[in-house]
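**Student:** Sequences listed follow chains H and E, in order.
The opening position of the first sequence corresponds to residue 1 in the working numbering, with each subsequent residue numbered one higher.
The opening position of the second sequence corresponds to residue 114 in the working numbering, with each subsequent residue numbered one higher.
Keep in mind the hints are simulated off the structure, nothing from the lab.
For each residue, glycine too, the CB sits at the ideal point set by N, CA and C.
Careful: at least some of the hints might be erroneous.
[Unchecked claim] Among chain E residues calculated to face chain H with C-beta under 8 Å, some are: (1) Thr144; (2) Gln154; (3) Leu158; (4) Gln161; (5) Val168; (6) Asp169; (7) Leu204; (8) Gly214; (9) Ala217; (10) Phe219; (11) Gly220; (12) Gln221; (13) Arg224.
[To be verified] Restraint ranges, calculated between C-beta atoms of paired labels, are given here: (14) Phe51(H) <-> Gln154(E): 20 to 28 Å; (15) Tyr123(E) <-> His82(H): 22 to 30 Å; (16) Ser3(H) <-> Gln193(E): 28 to 36 Å; (17) Gly214(E) <-> Ile9(H): 24 to 32 Å; (18) Lys191(E) <-> Pro113(H): 42 to 50 Å; (19) Ala115(E) <-> Ala1(H): 30 to 38 Å; (20) Ala143(E) <-> Pro113(H): 39 to 47 Å.
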Amino acid sequence: AQSVTQPDIHITVSEGASLELRCNYSYGATPYLFWYVQSPGQGLQLLLKYFSGDTLVQGIKGFEAEFKRSQSSFNLRKPSVHWSDAAEYFCAVGAGNTDKLIFGTGTRLQVFP
Amino acid sequence: EAEVAQSPRYKITEKSQAVAFWCDPISGHATLYWYRQILGQGPELLVQFQDESVVDDSQLPKDRFSAERLKGVDSTLKIQPAELGDSAMYLCASSPRGQGGTEAFFGQGTRLTVV
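Given only the sequences and the hints, what does the whole structure look like? Please build it.
**Tutor:** This is the structure we're talking about:
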């Protein structure tokens, strides 16, 4: 069965520091992979997606992610974090041919000035 | 910019009462999803529509939950009777065709509190 694991429940970084959020997936075929961000009490905003092709994908707000098939990973990175990046981040895999999303449990990012 | 509209944003209801949520997807999107997000967890699919037909409702608690999308446009999710464990964020999303390889756009959600 498809699944997504985000091993870090909570991460704290200083503003200006680099960031990497981990995501591992389990899926039988080539996955569709997504990163979403959620501010408190809000819906989900898509940061970036991987469908095929170049394994390094660029997203909004300066985020990027790298698909590594051998490691079943799709880690999210940002070279310099801003205070406004504080939020909950969800990794998701698109299941099959229906676009149903399987989400991880999320990583809460806290940014200190 | 086109958005998925949901109402109400917040709902407080008493246990055993009925409650309903409404969702209007982005115009032209054939696929509509209802997800439930319990505090501290990721969203989980409750039901998926392709036009007016249900594609997946395997995780929908059918003894108390119902969903409809009569004309293939907007949708209503109902809970009757509500239980304390139904307290969660209910998210609606839509995508152009739901056949793999397209992204879903999410609404702001409805925060339900059952007391």
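**Student:** None of the hints should be skipped; say for each whether it holds.
**Tutor:** The hints, checked one at a time:
1. Thr144: holds (6 Å)
2. Gln154: holds (6 Å)
3. Leu158: Hint holds; Leu158(E) Cβ to chain H Cβ min 5 Å, cut 8 Å.
4. Gln161: holds (6 Å)
5. Val168: holds (6 Å)
6. Asp169: At about 6 Å, which falls below the 8 Å cut-off, the nearest Cβ of chain H leaves the hint on Asp169(E) intact, so it holds.
7. Leu204: holds (6 Å)
8. Gly214: This interface hint holds because 5 Å falls under the 8 Å limit.
9. Ala217: Holds, about 6 Å.
10. Phe219: holds (4 Å)
11. Gly220: holds (5 Å)
12. Gln221: holds (5 Å)
13. Arg224: Constraint on Arg224(E) satisfied, holds at 7 Å.
14. Phe51(H) <-> Gln154(E): 20 to 28 Å: Given about 26 Å between the Cβ atoms, the range holds.
15. Tyr123(E) <-> His82(H): 22 to 30 Å: holds (29 Å)
16. Ser3(H) <-> Gln193(E): 28 to 36 Å: Hint holds: Cβ distance 32 Å, inside 28 to 36 Å.
17. Gly214(E) <-> Ile9(H): 24 to 32 Å: holds (30 Å)
18. Lys191(E) <-> Pro113(H): 42 to 50 Å: holds (45 Å)
19. Ala115(E) <-> Ala1(H): 30 to 38 Å: Holds, at about 33 Å.
20. Ala143(E) <-> Pro113(H): 39 to 47 Å: Given a distance of about 45 Å, which is inside 39 to 47 Å, the answer is holds.
In summary, this structure violates none of the numbered hints.
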